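Protein chains: 2
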Amino acid sequence: MALKARALYDFNSENPGEVSVRENEILTLYGEKDIEGWLEGVNSKGERGLFPASYVEILRNDAASTVNNNSCIDNLSKPSAPAFATFSQPLQQPQHHSYQQPSQGSDDDWDDDWDDSSTVADEPGTIGGRYHDYEGNGPSTYRVTTSSVSRGNAQQAKSSATVSRNLNRFSTFVKSGGEAFVLGEASGFVKDGDKICVVMGTYGPEWQENPYPFTCAIDDPTKQTKFKGMKSYISYKLTPTHTQNQVNRRYKHFDWLYARLVEKFPVISVPHIPEKQATGRFEEDFISKRRKGLIWWMNHMTSHPVLARCDVFQHFLTCNSADEKAWKQGKRKAEKDEMVGANFFLTISPPPAPLDFQEVESKIDGFKTFTKRMDDSTLQLNATVNEFARKQISGFKKEYQKVGMSFKVLSQAFEMDQQVYSVGLNQAISFTGDTFEAIGEYFAEQPSKDLDPIMDLLGLYQGHLANYPDIIHVQKGALTKVKESQKHVEEGKMDRAQAEGINDRCNIISCATLAEIQHFHQIRVRDFKAQMQHYLQQQITFFQKITGKLEEALQKYDNA
Amino acid sequence: MALKARALYDFNSENPGEVSVRENEILTLYGEKDIEGWLEGVNSKGERGLFPASYVEILRNDAASTVNNNSCIDNLSKPSAPAFATFSQPLQQPQHHSYQQPSQGSDDDWDDDWDDSSTVADEPGTIGGRYHDYEGNGPSTYRVTTSSVSRGNAQQAKSSATVSRNLNRFSTFVKSGGEAFVLGEASGFVKDGDKICVVMGTYGPEWQENPYPFTCAIDDPTKQTKFKGMKSYISYKLTPTHTQNQVNRRYKHFDWLYARLVEKFPVISVPHIPEKQATGRFEEDFISKRRKGLIWWMNHMTSHPVLARCDVFQHFLTCNSADEKAWKQGKRKAEKDEMVGANFFLTISPPPAPLDFQEVESKIDGFKTFTKRMDDSTLQLNATVNEFARKQISGFKKEYQKVGMSFKVLSQAFEMDQQVYSVGLNQAISFTGDTFEAIGEYFAEQPSKDLDPIMDLLGLYQGHLANYPDIIHVQKGALTKVKESQKHVEEGKMDRAQAEGINDRCNIISCATLAEIQHFHQIRVRDFKAQMQHYLQQQITFFQKITGKLEEALQKYDNA
Numbered sequence: 001m002a003l004k005a006r007a008l009y010d011f012n013s014e015n016p017g018e019v020s021v022r023e024n025e026i027l028t029l030y031g032e033k034d035i036e037g038w039l040e041g042v043n044s045k046g047e048r049g050l051f052p053a054s055y056v057e058i059l060r061n062d063a064a065s066t067v068n069n070n071s072c073i074d075n076l077s078k079p080s081a082p083a084f085a086t087f088s089q090p091l092q093q094p095q096h097h098s099y100q101q102p103s104q105g106s107d108d109d110w111d112d113d114w115d116d117s118s119t120v121a122d123e124p125g126t127i128g129g130r131y132h133d134y135e136g137n138g139p140s141t142y143r144v145t146t147s148s149v150s151r152g153n154a155q156q157a158k159s160s161a162t163v164s165r166n167l168n169r170f171s172t173f174v175k176s177g178g179e180a181f182v183l184g185e186a187s188g189f190v191k192d193g194d195k196i197c198v199v200m201g202t203y204g205p206e207w208q209e210n211p212y213p214f215t216c217a218i219d220d221p222t223k224q225t226k227f228k229g230m231k232s233y234i235s236y237k238l239t240p241t242h243t244q245n246q247v248n249r250r251y252k253h254f255d256w257l258y259a260r261l262v263e264k265f266p267v268i269s270v271p272h273i274p275e276k277q278a279t280g281r282f283e284e285d286f287i288s289k290r291r292k293g294l295i296w297w298m299n300h301m302t303s304h305p306v307l308a309r310c311d312v313f314q315h316f317l318t319c320n321s322a323d324e325k326a327w328k329q330g331k332r333k334a335e336k337d338e339m340v341g342a343n344f345f346l347t348i349s350p351p352p353a354p355l356d357f358q359e360v361e362s363k364i365d366g367f368k369t370f371t372k373r374m375d376d377s378t379l380q381l382n383a384t385v386n387e388f389a390r391k392q393i394s395g396f397k398k399e400y401q402k403v404g405m406s407f408k409v410l411s412q413a414f415e416m417d418q419q420v421y422s423v424g425l426n427q428a429i430s431f432t433g434d435t436f437e438a439i440g441e442y443f444a445e446q447p448s449k450d451l452d453p454i455m456d457l458l459g460l461y462q463g464h465l466a467n468y469p470d471i472i473h474v475q476k477g478a479l480t481k482v483k484e485s486q487k488h489v490e491e492g493k494m495d496r497a498q499a500e501g502i503n504d505r506c507n508i509i510s511c512a513t514l515a516e517i518q519h520f521h522q523i524r525v526r527d528f529k530a531q532m533q534h535y536l537q538q539q540i541t542f543f544q545k546i547t548g549k550l551e552e553a554l555q556k557y558d559n560a
Numbered sequence: 001m002a003l004k005a006r007a008l009y010d011f012n013s014e015n016p017g018e019v020s021v022r023e024n025e026i027l028t029l030y031g032e033k034d035i036e037g038w039l040e041g042v043n044s045k046g047e048r049g050l051f052p053a054s055y056v057e058i059l060r061n062d063a064a065s066t067v068n069n070n071s072c073i074d075n076l077s078k079p080s081a082p083a084f085a086t087f088s089q090p091l092q093q094p095q096h097h098s099y100q101q102p103s104q105g106s107d108d109d110w111d112d113d114w115d116d117s118s119t120v121a122d123e124p125g126t127i128g129g130r131y132h133d134y135e136g137n138g139p140s141t142y143r144v145t146t147s148s149v150s151r152g153n154a155q156q157a158k159s160s161a162t163v164s165r166n167l168n169r170f171s172t173f174v175k176s177g178g179e180a181f182v183l184g185e186a187s188g189f190v191k192d193g194d195k196i197c198v199v200m201g202t203y204g205p206e207w208q209e210n211p212y213p214f215t216c217a218i219d220d221p222t223k224q225t226k227f228k229g230m231k232s233y234i235s236y237k238l239t240p241t242h243t244q245n246q247v248n249r250r251y252k253h254f255d256w257l258y259a260r261l262v263e264k265f266p267v268i269s270v271p272h273i274p275e276k277q278a279t280g281r282f283e284e285d286f287i288s289k290r291r292k293g294l295i296w297w298m299n300h301m302t303s304h305p306v307l308a309r310c311d312v313f314q315h316f317l318t319c320n321s322a323d324e325k326a327w328k329q330g331k332r333k334a335e336k337d338e339m340v341g342a343n344f345f346l347t348i349s350p351p352p353a354p355l356d357f358q359e360v361e362s363k364i365d366g367f368k369t370f371t372k373r374m375d376d377s378t379l380q381l382n383a384t385v386n387e388f389a390r391k392q393i394s395g396f397k398k399e400y401q402k403v404g405m406s407f408k409v410l411s412q413a414f415e416m417d418q419q420v421y422s423v424g425l426n427q428a429i430s431f432t433g434d435t436f437e438a439i440g441e442y443f444a445e446q447p448s449k450d451l452d453p454i455m456d457l458l459g460l461y462q463g464h465l466a467n468y469p470d471i472i473h474v475q476k477g478a479l480t481k482v483k484e485s486q487k488h489v490e491e492g493k494m495d496r497a498q499a500e501g502i503n504d505r506c507n508i509i510s511c512a513t514l515a516e517i518q519h520f521h522q523i524r525v526r527d528f529k530a531q532m533q534h535y536l537q538q539q540i541t542f543f544q545k546i547t548g549k550l551e552e553a554l555q556k557y558d559n560a
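Protein chains in written order, with our numbering: chain A, 1 to 560; chain B, 1 to 560.
Quick caveat, the hints were computed from the structure, so don't treat them as lab data. Hints may be right or wrong, so weigh each one.
One copy or any two copies: either way a pair holds, since identical chains are not told apart in the list.
Here are the simulated DSSO-like pairs of lysine-lysine, each with C-alpha atoms no more than 30 Å apart in a straight line [claimed, not checked]:
hint, residue 1, residue 2
1, LYS449, LYS408
2, LYS487, LYS292
3, LYS408, LYS292
4, LYS397, LYS4
All figures in this text were calculated on a predicted structure; none of them were measured in a lab.
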C-alpha cells in the first residue's frame, strides 16, 4: 500500500516543482524522508510535486487513511468504535435541538475554531455554552469505572478513564495532551529546573519573568557546501548575548526546533518560522527576507519567559555546531523529552489561589473575539500596506518622474532661447527636473524601509493568531471536563476528590493559557508600538528628505 | 442668401448648446449679432449651435463665400484674378523643382506657420531660403509701374505698387498690414503721444520701458442684472494702481478690447483672454477660474510697454462705467482708430543704427525653433501636470486614506483587548489613522495650490506661442520684400531710393519684432522663475505640513 499523508494546512505552490495542497487532502507520498523539509508526492488531483513536510501528517495505519473518504468521521463519535473509548455512552442521544441531525458528528472539529458554532468537546451535554440546556434533558448514563487515576502509567490509565473522553482523536484538545492531563493521565518526573511558574500579576496570571534575559543576533547568512560541493546550504550565524558564542544554524535546524517546541508546549504560541521555499533558496532577496523573518522569530523566542529558557532552545542556541556528537546528543535528548504535551502541564506551578473559572471563561471568550477582530484587521492592513507599497514603487514613482522629465524637457527647450539672462533659470528648472526624478526614486525606495517591516510584523502576528484557536480549544476542553465532572458529582457518579483533581488540573491549564494570553498582549503592545513609531519616524525622515531636496531646488532660483 | 461665416480656428464644443467648428469650415448664421460673444449657426455637418464669434469671420460678399469649395485658393495665385493684383506676373513659371505641381498653390499659407516647409510670400523667386536658386533661372518680368508711392492715399497707392504683392489675401503678412506698410502704402497722422520707441538694449532692440508702470487688481466678480433682472452677467471690479479708481468690466468688454488690440498691433503678442463658455457661466468654479485667467491676462497687459500705454487699454481701465456717454465715445474712437495694422508701424521709432538683416533673420529663425520647442515642451508639461493633479486628487488620496482606514480598523480591533495598558497605543494608532486620512486630503487639495497655477501659466504661454507664427510671418514677409527689391535694383527694375524705403520700413518691422521677442523672453523668464519658485515653495509647505502631522502622530506614542 502506498504511503499516504493528510494535509494539515493549505499550501499554495509558489515555485516550479511545488504542488498545492488543501487542508485535509490526502496525498500519496514517494517517500517518508523529507528533503530539506520538503516531501514529494501526488495530490488528489494527480499533480505531482513538492510540499512542506510540516504541512502534512503521514498516515501510518488503515484507520487513519480511511479519513480520506470521510466515512469514518461520523463513526468516530459512535460508541461502537472501541479503539477510541473504553466507557459506555448514553444509550439514548438527547434530541435537544430539532435541527440536529444524527450524522452531524465531529466534522466541525476539523475546521478552524474561529467559527463560533464549532464545539470543543463532542459529547452531548458537555458543550460549553449549552451545558445548562441538558439539565434533566433525558438520561445521562456515564458509568464511572475508577475514581482515581494512577499517575504511574498513562498507558494503563487510559483504559480506566472516569469521565467522557473526546472521541475525535484529531481534536487539538486530545492531540495536545490537554485531555490526558485533565483526566490525570499525564506522568513524568519534574526536575526543579523544569518548573515553570505562573504568578499573579496586575492583570491576572502571567509567566514568571526570565531572570536571565538575553537576546540573540542573527548575522548575514553565508552559503556553505558539504560533500565536496555536492550539497550547498545557507548557514546563519547566531550569537546569543548570554553566551557570546557564535553558532551556525541552518534553516532545517530552525525547522526541527520549531517542531519540538510545537510538540512540547500545548498552550504556548510558538512563533512561526519563515515559510519554506524549494526554488530560489540561494537568491539574495529570499535570503535577506528569510533572515529578517528569522530575526523577528528569534526576537519572539527570546522574549518569551518559557520558550527562551527551555532546554531544546538552549541546546539550539549554545551547542557548538562543530561538535557533532554534542549536537546529536542534545538532539536525541530533545526528541525523547518526556515532558511534552500532557506532561508539559506537570511542570507548571500555578499561583496559590485558584482562578474563578467563570471569569476565565469570560476572559477567554473575550480574547477569542479579540483575536478574530485582530486577524481580520491585520489581514486588511497587510493587504492595504502591500498595495500601498506596490503603488509607491510603480505609480507614485512614475508620476514624480514624469513631472521631473517634463521639467527637464522644458529646460532643454528654454536652453535654445539664446538669452544669457535665462541660463540660471534653465539650470534651475533642469535641477528641479532632477529633483522630482529623485523624489520618484525616494518613493520607490521607501516601502522597503517602512512598509516591509510592518508587513513582517503582521505576518508574524498572523502566525500567532493562527495558533490561538488550538490554545483556546485546549483550555475550553479542560473547562468542559470540569463542568462535566461537576455534573457527575451532583449526580453521584463521580467522587468529589476526583472532580477536585480535574478542577486543579484545569486551573493549571487556565493559568498557563491566561499567562500566555497576557504575554501575547504585552509583546503585541510592545511590537506594534515600536513598529508604528518606526514607521512614523521613517515617514518623517522620508518627507524631510523630500523637503530638503525641494529646498535645494528652490535655492537654485535665487540667482536665476 | 443666408449669411455665411468662415471658421478662423478650430473650436471644440464643450457644453450643451455649443457646436464644434473646424478651421476654414463655412457656417450658416442665424444672425449677425453676437450674444455675449457667441454666434448661433449651422456647421457643414448640419449641426446647429453656438460658437464663439471671434472664432469666425462673417463673409460679406460672393468672392469670399466661394472659399467654401476651396476652388478659388489656387486661382488666387493666378494672374487672371485682377481683384487681387494690379501687376503682371512672369509669363512662364520657373520649373525649379521637379516635384512641384502646378496645383500646389498658396494653400500652405492657410496652415500654421510652424511647418518649416511653409512659405511666407507665394510668388516664385521670392521665397526666403530659396531666393538665390532663382538667379538666372528663367526670365523674371515684373513690371515696375511707379518708382515712388504716395503716402497721402493708400487706396490709390495700391494700384501703383512696384514690387510683387502677396496674392493670398488671407496671408497674415497681408492681413496684418505688414505688406502694405513695407510697400509704403501706410499713411496716418502720428501724434507725439502715439510714438513708440524701440531702443537698443544689451540684448538687441527692446521696447522703451513704460515710464509710468502700473498694475491692475481684479477683485472678486459679482453677478449683476439689468433690464429688471431679465439679463444677468458677471461684473469684474478693476482697480488700476495709477488711477486708484475702480471700474466695472464685463467679459464682453475684455473680448472687445482684445479684438481691438489684435487688430491694432501686427507684431505684438496680445495675451489671449480666458476661453468663452456658453453654459455654466455663473458657476463658482468657472467664475473663479476665469478671474484667475483675467488676472494673468491683466498682468501681461500691464507688463507690456506698448500694450500697457495704448489708448484703448487706458480707456478700458479708466473710463467710469457709469458714464455711458464717455464709454461709448472712447469705444467709437478706438473702433475708428486709424493707427492700426499697417499704420501702427508708422508710430514706431527705431534706434538710429539700422539692423543687420542677416543677423535679424538668424535671430528670428532661432526664435522660431525655440517657440516650436517651447510649444512642444509646455504641451507635454501641461499634460503631465494635469495627469499628476488628477492622480493626487484620486489615486494618491485614496491610497493614503486606505492606509489611514486600515490603521483605524486595527485600532478598533485593539480596543477589544480588555487591557488597560494598551489604551494609549490604541489611541495613538487611531490618531495615526486620522493622520493618514488627513494626508490623503492634503494630497487632494494640493494641486489647486500649486499645479493649477502652473497650468494657468502654461495656458497663457501657449496663447503667446500661438501668436508668434503670425508675428514671424509678418517679419519674414518684410524681409522677403527687401530681398526682392534688392534683386530688382540689381536688375535695374527698381530705383535705389525706393529699395531703401523698403529697407527702412523692413528695419522698423524687424526692430518691433525683435523688441517683442525680447519682451517675450523677459516676461517668460520672470513668469517661469516666479511660478517655479511658487510651486517649489508650495511643495515644501505641503511636505512640511505632512511631516508636522506625522510628528504629531509620533508624539502620541510617547506615553502609549
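Checked hints:
1. LYS449 x LYS408: both (29 Å within a copy, 22 Å between copies)
2. LYS487 x LYS292: Close neither inside one copy (51 Å) nor across copies (84 Å); limit 30 Å.
3. LYS408 x LYS292: between (40 Å within a copy, 27 Å between copies)
4. LYS397 x LYS4: neither (50 Å within a copy, 52 Å between copies)
Going down the numbered hints, you'll see the structure goes against 2, 4, while the others check out.
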